[in-house]
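Protein chains in written order, with our numbering: chain A, 1 to 182; chain B, 1001 to 1505.
To be clear, the hints were calculated from the coordinates, so they are not data collected in a lab. Where a beta carbon is used, it is the ideal one built from N, C-alpha and C, also for glycine. Please note: incorrect hints may appear among the correct ones.
[Stated by the list, open to error] Looking from chain B toward chain A, a few residues come up when the C-beta cut is under 10 Å (computed): (1) PRO1045; (2) ARG1053; (3) LEU1091.
[As the list claims (entries may be wrong)] Heads up, simulated SDA-like pairs for lysine to any residue below, C-alpha to C-alpha not over 25 Å straight-line: (4) LYS1084/B - SER115/A; (5) LYS1067/B - GLU110/A; (6) LYS1241/B - ALA1228/B; (7) LYS1293/B - PRO1200/B; (8) LYS1044/B - GLY172/A; (9) LYS160/A - TRP1039/B; (10) LYS1067/B - LYS46/A; (11) LYS1084/B - TYR113/A; (12) LYS50/A - PRO142/A; (13) LYS1446/B - LYS1241/B; (14) LYS71/A - GLU1049/B; (15) LYS121/A - HIS76/A; (16) LYS46/A - LEU84/A.
[As the list claims (entries may be wrong)] Here are some chain A residues pointing at chain B (derived, C-beta under 10 Å): (17) ILE57; (18) ALA59; (19) ASP60; (20) ASN111; (21) TYR113.
Spelled out from the first residue to the last, the chains are:
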Amino acid sequence: MSHRGTLFFLAGALIALGAGWAGFPRVIYRSRPQPVEFSHKVHAEKAGMKCEDCHEIRADGSFAGIPRREKCAGCHEAAMGTTLAEKQFIDGYVTPQREVQWSVYARQPENVYFSHASHVKLAHLECATCHGDHGTSDSLRPYQEDRISGYSRDIWRAMKMNDCVACHRSHGFEKSCLDCHK
Amino acid sequence: MKATRRDLFKFAAGGATGLLLTPAPWRLVTDAALWSENWPGIPKPVRGELRTRFTHCALCPAGCAVKARCVGDQPISLIGLPGKPLCAFGLMGHQLPYHAGRVRQADADAVRAVIAKRAANETVAVLDLRPGRTASWTYRRAMAALPRGVYLAARSSVPAVNLDAVKIILSLGVPVLDGWGTPSNVQQARSHFRLIQAEPAESRTALLADQWLKIRPGTELELVEALATGRGGAGTGLNEKVIASVANELVQAGALFLAAEESPSVLELNRKLGAVGKTIVAQREAPVPRSWKPAPVTPINSVPERSIGVLLIDESAADSYVPWSKLEGKLAPDALVVTFASSQAGYGRQAKHLLPTAVYPESTGDIPPAIDSPLATFRLTTPLVAPPRGVVNPAQFIGGLAAIDAADALRERAGAIHAAGRGSVCTYADGRSIPVEDIQPDQFWKALNDGACWIDEPGGKLLPPVLRASTPAVVALNWEKRAARGPMPPLVSKLYQESNLRVRI
């Protein structure tokens, strides 16, 4: 009977651990699928494309971000393969000229300014440094939005302010808040 | 097994302990903080395509070039040009339009009618707190046109400091390295002048000076006398040998003496050191149209007591102030005081009417040459964001009292500068410098509105300034002191204290 209290304590702790690690993310994040199935892997390996072929940095230094429909339609005006995903994309967006409402995993808060040109062209950073293996993924994972803050869950993986600060510090580029903040 | 109350407490304690080892409480704390950033009423930067625009900061006479990142018509951040950083105040300038203490509404038409009625029989005076602008010329023209108009300037004559010719600066508490001149100019010139800072407190300038003379408070003039005559100075707390050593240094060519307070002895010492005409020179103004007939600048001291019936104060871009006690005696018993300002922080407390004005970066105007610019310049502060309805343009309001249309005054002056055919236009977007004679008037005007700066050609002899005993050798204000006289973005103090945003020299 002397371990009775310990058992109750451990039971409470285990239930809380389970709820916190398994249940909480399901509650706090609202999950939604991307509107179009897309494989970076197929585009990179079969089509031999590079990140900047679609996610280009314009001549004036601004970043095009996720390509718009016209960019995709440049290759997919008609089906290039036999996949259902491509057919659905052409029928649902290219032919009726509808813009795809992508959910942007890396979308930063409103008060943040990030220059892709500075990081890619000047600092020669690889895309994977921040975006991980996204460029070789075979499918798009569901977009998870924090119900309280409204931010993407992916920001918390490798694009937190601490990650930026740590990298800037390691390269001796710790200048001022306003380099990144609006 | 029957659970007791003690078991339930242990279960709860275990649950609480376990919860702390999960991301849940920490995520909720962070989320709550992020959620509070998005409360209603907090201005949010808009999303969209970024554009870069250039303008000049109007917050102080330095008029630094500004590169503004804008989304649509909304500036989202201001930065300086490479190698020409902005001060903390300038970096936060785009937040000023949202200041909670801003005055936005007033019945300008009613005020105009009252002034017009009184202007026929009473003395109308304009107090200009940043002379040298095109708006200042409008005030002078308007006062010349009114039957009893008087133009008062907070500073009747401010000389320029030619930093290129300076070898030694002895500064009496002037924040030379902390916002006194144009930060980038001072930064560039710093390598070739020796700075001796005489100041009781260990200011930032004192810390970075080549020599800090820690004098006793209130003994600045005693030090000046000791340096000038070679006698005395014991009250300053400095060793006689130190004073003698500094005095010897100062007689070298190009020594300049800067003082925070106006003083005849400071002026005399500068004359004795040969600084007047060499390092302290007359400030040059950009050409103005010949048709502009201005009223003279009247020193405030020479205005008869109780003579001003209507006092109009342009506080919209103030960089210097006149103590109210000096103005009060000049006012008639029933004088009408109207101030043009964006907040109640200045003369708004004494004025009967406060007419709200646009604030930087909403305002349109030009910036007179900075104190460290011996050459004439003409640069515009072009609005990055539209001003709210209800604000008054002081130049147009005061010009209107004398039937002067000041709406195109800036363009008229740009035309006069172009007609003079001197100098060149520097465009920040491409870093080019084009002689004025090589471009058309419309191109010149467009370049100015796109953030270019006209700089006069360096030819001609630098003339000594017209200095009076009451004229300060310099205006010793840095941005902190200026900001103390008006609203400042709330982030400024935090960033200034906690980050390394201050200009490093």
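Each hint tested on the structure:
no. : hint                  : in the structure
1   : PRO1045               : 5 Å, holds
2   : ARG1053               : 13 Å, violated
3   : LEU1091               : 5 Å, holds
4   : LYS1084/B - SER115/A  : 20 Å, holds
5   : LYS1067/B - GLU110/A  : 20 Å, holds
6   : LYS1241/B - ALA1228/B : 15 Å, holds
7   : LYS1293/B - PRO1200/B : 47 Å, violated
8   : LYS1044/B - GLY172/A  : 30 Å, violated
9   : LYS160/A - TRP1039/B  : 21 Å, holds
10  : LYS1067/B - LYS46/A   : 43 Å, violated
11  : LYS1084/B - TYR113/A  : 21 Å, holds
12  : LYS50/A - PRO142/A    : 23 Å, holds
13  : LYS1446/B - LYS1241/B : 59 Å, violated
14  : LYS71/A - GLU1049/B   : 18 Å, holds
15  : LYS121/A - HIS76/A    : 29 Å, violated
16  : LYS46/A - LEU84/A     : 17 Å, holds
17  : ILE57                 : 12 Å, violated
18  : ALA59                 : 13 Å, violated
19  : ASP60                 : 8 Å, holds
20  : ASN111                : 6 Å, holds
21  : TYR113                : 6 Å, holds
Of the hints listed earlier, those the structure fails to meet are numbers 2, 7, 8, 10, 13, 15, 17, 18, in rising order.
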